[in-house]
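Chain by chain, the residues:
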Amino acid sequence: MMNAAPDQKSRLERLLEAGHFTVSAEVGPPMSASADFVRKKARSLVGIADAANVTDNQTAMVRMSSVAASVLCQQEGLEPVLQMTCRDRNRIAIQSDLLGAHALGLRNLLCLSGDHQAFGNHPQSKNVYDIDSIQLIKGIRELQEDSRFISGSNCKNPPRFFLGAAANPFADPEQLQYIRLHKKIEAGARFIQTQCIYDVERFARWMEYVRRHGLDKKTHILAGLLVNKSVKSLEMTKQVAGMHVPDELVERMKKASDPQEEGVRIALDTIKGLQSIPGISGVHIMAVGWESIVPTIVEEAGFLPRPSLSEVEEANA
Amino acid sequence: MIVAEQKPIDEILRTLDGFKNVLIAACGTCVTVCMAGGEKEALKLAALLQMRDADMKVSVVTPKRQCDMEFVEEILADAAEHDVVLSLGCGAGVQFMSGAIDNKLILPGLNTKFMGVTQDIGVWAEMCQGCGDCVLEQTGGVCPVTRCSKSNFNGPCGGSSDGKCEIDTEVDCGWQLIYDRLEALDQLQRLYQISEPKDWTTSRDGGPRKVHKKEMIL
Chain W
321 MMNAAPDQKS RLERLLEAGH FTVSAEVGPP MSASADFVRK KARSLVGIAD
371 AANVTDNQTA MVRMSSVAAS VLCQQEGLEP VLQMTCRDRN RIAIQSDLLG
421 AHALGLRNLL CLSGDHQAFG NHPQSKNVYD IDSIQLIKGI RELQEDSRFI
471 SGSNCKNPPR FFLGAAANPF ADPEQLQYIR LHKKIEAGAR FIQTQCIYDV
521 ERFARWMEYV RRHGLDKKTH ILAGLLVNKS VKSLEMTKQV AGMHVPDELV
571 ERMKKASDPQ EEGVRIALDT IKGLQSIPGI SGVHIMAVGW ESIVPTIVEE
621 AGFLPRPSLS EVEEANA
Chain D
60 MIVAEQKPID EILRTLDGFK NVLIAACGTC VTVCMAGGEK EALKLAALLQ
110 MRDADMKVSV VTPKRQCDME FVEEILADAA EHDVVLSLGC GAGVQFMSGA
160 IDNKLILPGL NTKFMGVTQD IGVWAEMCQG CGDCVLEQTG GVCPVTRCSK
210 SNFNGPCGGS SDGKCEIDTE VDCGWQLIYD RLEALDQLQR LYQISEPKDW
260 TTSRDGGPRK VHKKEMIL
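Chains as they are written, first to last, in the numbering used here: chain W, 321 to 637; chain D, 60 to 277.
If you're looking for bench data, these hints aren't it; they were derived computationally from the structure.
Given the structure is predicted, the values throughout are model-derived calculations rather than measurements.
Virtual Cβ for every residue (Gly too), placed ideally from N, Cα, C.
You may find that some hints are simply not true.
What the hints assert, rightly or not - Chain W is faced by these chain D residues, among others (derived, beta-carbon under 8 Å):
hint : residue
1    : K103
2    : N170
3    : G222
Claimed, not checked - EDC-like, lysine to aspartate or glutamate: derived pairs with alpha carbons at most 16 Å apart:
hint : chain 1 : residue 1 : chain 2 : residue 2
4    : D       : K223      : W       : E494
5    : W       : K476      : W       : E494
6    : D       : K79       : D       : E133
7    : W       : K360      : W       : D408
8    : D       : K257      : W       : D450
9    : D       : K123      : D       : D112
10   : D       : K123      : D       : E140
11   : W       : K549      : W       : E521
12   : D       : K116      : D       : E133
13   : D       : K116      : D       : D76
14   : W       : K446      : D       : E140
15   : W       : K558      : D       : E274
Unchecked claim - Part of the chain D face toward chain W, derived, beta carbon under 7 Å:
hint : residue
16   : T205
17   : G214
18   : T260
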């Protein structure tokens, strides 16, 4: 079991600081209490991804807690990025869970608003949203730096996370989304994972803005992409609010004789496109419902082998 | 105003089971305007109840407000002559009448929805959650607590698309409305500062609330 020392930086943080192009993936916890499910998924990504997001009841479906599943991943040797949403917990519960997460050795934290519960399997539940994602990032950054909880009261041994946030280059209103990106970085987001990118050209325009304002120097931009295995999955993705899937891509998938192979090719083409854009520090591969394809993509994209931490430390020394 | 809508007739009939002498109390203020519990709706409901149950005797009274003793006093005598009172007031009206008429059951005939406005003929929309600490001066007169599905204070989530909220394409994104309004007023700079976590003690989260206007209290 790899437990980080209290002051130890995460692998993701160290790789990014050393200037490595990182590869991250996702582990979606099960809608069950099965530890084996998480362990198996985690094992398949060891040596493939530098870290993996462990989602927090994504699409508002009840799943194993992201803290618990993150610890299971850590035990298998896969570094987790703990996701924490503002949907289900007030500021008391969020801070409490994060104290516990740090105590259990978790070091990466991605702060999110969370999908509204109207999407999930408990639409009858109460809507918390006591604080929003920007207030969460700022609150935890201040907890870490000033040893003070959100209320202002003292915390003797504060946690220390590598803090991140999400950004959607395709959401509206465009100008306000840029303002939000500035705010997230100002609040303390040291890495930004983007919404899934299908339209590389449009994402490149977003990155132009990021570079023009020097934001890629203040934070690490990790470009997100989703891998689809069928026309249906691509069409469903297109329906999700805030997702931008160009029609040509759906057509390309429809024409393909082997949609799975085409899905992989689309992902590889997207990665190639992303690598040509300056200012990106890594890719974040989401393969919802098709996690087993991630090793193939990482290998075919030429990302293997992943750097070992000792290599990084030596290079730094 | 407080916006409400009438409960389904079958539910009302179930709650009236066993009562044969019913007083429907309409309310002359908010619920009259939103056409849920005014005199017109009360008379219509009375006719409907009698159609469904020929043995039921139903009368209607319409105090100006059910949330004020001055007006509830006017119907005390009517209430005394009936087995039960079916209130077409909002939840506050039902509770106030329950306090004023202590020997009678006051049944709710409406579901109270929200504080809102008449948006169109026959359409009412929620505008205020009574959080107790108004921030409309910062957001161009559009409430983020009420009109953003996640009550975000620092702009829209990633689910805002074409001006609509991620929960439903029929729901406007509150932050798109805030943005449009501030842009039109050339006040977008108001959105650059990070909004700190809200103090919800002024809201319902601080427990049931009261307002004291000292100079009025004898």
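For the pair supplied as a hint, W/K476 and W/E494, is the alpha-carbon distance within the 16 Å limit? violated, 41 Å
Verify the proposed pairing of W/K360 with W/D408, using a straight-line Cα cut of 16 Å. violated, 27 Å
Please work out if D/K123 and D/E140 have their alpha carbons no farther apart than 16 Å. violated, 20 Å
Hinted pair, alpha-carbon criterion (16 Å max): D/K223, W/E494. Please report holds or violated. holds, 13 Å
Do the alpha carbons of W/K549 and W/E521 lie within 16 Å of each other, as the hint requires? Outside the cut-off at roughly 23 Å; violated.
Regarding the hint that D/G214 lies at the interface with chain W, is the smallest CB-CB distance below 7 Å? D/G214 check passes; min Cβ-Cβ to chain W is 4 Å, inside 7 Å.
Take a quick look at whether D/K123 and D/D112 sit within 16 Å of each other, Cα to Cα. violated, 29 Å
A closest beta-carbon separation below 7 Å is what the hint needs, so does D/T205 meet it against chain W? violated, 12 Å
Can D/G222 be said to touch chain W, with a Cβ gap under 8 Å? holds, 7 Å
Within a Cα-Cα threshold of 16 Å, do W/K446 and D/E140 meet the stated pairing? violated, 42 Å
Holds or violated: the hint that D/N170 contacts chain W, with Cβ atoms closer than 8 Å. violated, 16 Å
Regarding the pair D/K116 and D/E133, is the alpha-carbon distance no greater than 16 Å? violated, 21 Å
This entry does not satisfy hints 1, 2, 5, 6, 7, 9, 10, 11, 12, 14, 15, 16 and 18, going by the numbered hints stated previously.
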